[in-house]
Structure formats: C-alpha cells, structure tokens
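A.B. asks: Here's the letter readout for the chains.
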Amino acid sequence: GENVEQHPSTLSVQEGDSAVIKCTYSDSASNYFPWYKQELGKGPQLIIDIRSNVGEKKDQRIAVTLNKTAKHFSLHITETQPEDSAVYFCAASKSGAGGYNKLIFGAGTRLAVHP
Amino acid sequence: EAEVAQSPRYKITEKSQAVAFWCDPISGHATLYWYRQILGQGPELLVQFQDESVVDDSQLPKDRFSAERLKGVDSTLKIQPAELGDSAMYLCASRGTRGSETQYFGPGTRLLVL
Chain A
1 GENVEQHPST LSVQEGDSAV IKCTYSDSAS NYFPWYKQEL GKGPQLIIDI RSNVGEKKDQ
61 RIAVTLNKTA KHFSLHITET QPEDSAVYFC AASKSGAGGY NKLIFGAGTR LAVHP
Chain B
1001 EAEVAQSPRY KITEKSQAVA FWCDPISGHA TLYWYRQILG QGPELLVQFQ DESVVDDSQL
1061 PKDRFSAERL KGVDSTLKIQ PAELGDSAMY LCASRGTRGS ETQYFGPGTR LLVL
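These protein sequence lines are chains A and B, in that order.
Residue 61 in the numbering used here is what sits at position 61 of the first sequence, and the numbering runs on without skipping anything.
The number in the numbering used here is simply the position in the second sequence, starting from 1, with 1000 added.
A couple of the hints might just be wrong.
[Stated by the list, open to error] Examples of chain B residues lying across from chain A (beta carbon under 10 Å, computed):
| id | residue |
| --- | --- |
| 1 | T1031 |
| 2 | Q1037 |
| 3 | L1091 |
Simulated from the structure, these hints should not be mistaken for lab results.
Don't be surprised by glycine CBs; every beta carbon is placed ideally from N, CA and C.
Throw the hints in and build the complete structure from the sequences for me.
C.D. replies: Pasting the structure below:
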C-alpha cells in the first residue's frame, strides 16, 4: 500500500525566514497531495493542495511543488510568522473506484517560528 | 462557514468500559471518515462511509470497534471494551461531491483510557 514519509520531524526558524518541508510517496498512482496545518488541540486544517497534473501551486506565502518522477512534493512557507507555528502534515491519495479517495498521511513536522 | 462537529471533545474512561463518539459532517457531504491519531503521528483511516454504506473498514479493529451512519448524515464510532492502547485523538472528516477531493476535519475527540 501507499506509504508517505515526511522530513524533517521538527523545524525551527526565525521570524521572516523561509521553511521547507519535504514528503515522498511510494504509490505512483497517487494523484492528489494536500497539506494540513494542525494547531494544538484542534483538527487538521487544509492549507493548500496540488493535483498530479500540476507541478507547482502558490497561495500568498505558501507554495507546494510536485515532482512526479521522483515521487516527492514539498511545502514552502516564505516570510514566516509566529502564527505559522504548528504541526504540518502532508498526505497522498488516489481516486479509486467510485471516486472514494483515501488519504495516507506523513508523520508530521513540528514548525516553531521564533520572534 | 460550515464545520464538522464532534462530541464529546474529551473523554476519560477506564479500560474495559464502552465509549462512543459522535460526528455531524458538513451539511450535504456524502462521504464521512473516521481517523485515529496517536500522539506524535499522522491520522490513520479507520472507516469510510459513502452515504450510509461502509466503503472501507479494512483498518478498523472489528473485534472492539464499530461504526454506523444509519441515515447517511451523522455517525457514531463505538469502542467496547476500551483498552489502554486506544488512547488517541479520534477525528471525523467529511467530503462533498465526488468531484471534490478536499476533506474537512472536525476538532476531534481526545480519548484517555486509564
């Protein structure tokens, strides 16, 4: 089955710096790659996603890149702010029979942004 | 903005007791998921419903876990009997039309088994 590996497990940056989180997936049939942000005591919140027919997507300070050949995708956060501090999860899925996708999550990256 | 509702938010129970969690998905969302998230790990799918039907329960420990979505709207996840290893966050998510792949998560129920 699908396996998603995420690195690093923890990341500490200074406010204003950039942060990059990387994920690799094993199933070449995976075609949807969302990123979730989870704050303490809350459920994961979708921050950006990308489909396999796109190589890059950007939304303000957040961007995601996808390399299908290498089976890896990355989250880039620029001009980090203290409120970006949270745990970030990558995930992968493929559209199965009937369109029922199943998300496989990475283990998470704890990002700390220091003022 | 519509949200996925879950209750209770926190539950403490003793091992061998029964516990139940409730989820109300975003109105109109046909697909509902229950995930378990162990501290320090990513969520793992337990069961997936399409309307009232189970479409994937391959990771659900069926000897002690059960899930239902009788009218295809809200859902209940039950554990009986609870074990110490069941301590985790139980997350519910919902997804809209089959053309949309976005899953929206609720706040979760934090379970502690003593």
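A.B. asks: Each hint needs a verdict: does it hold in this structure or not?
C.D. replies: Hint by hint, here is what the structure shows:
no.	hint	verdict
1	T1031	holds, 7 Å
2	Q1037	holds, 9 Å
3	L1091	holds, 6 Å
In this structure, every one of the numbered hints holds.
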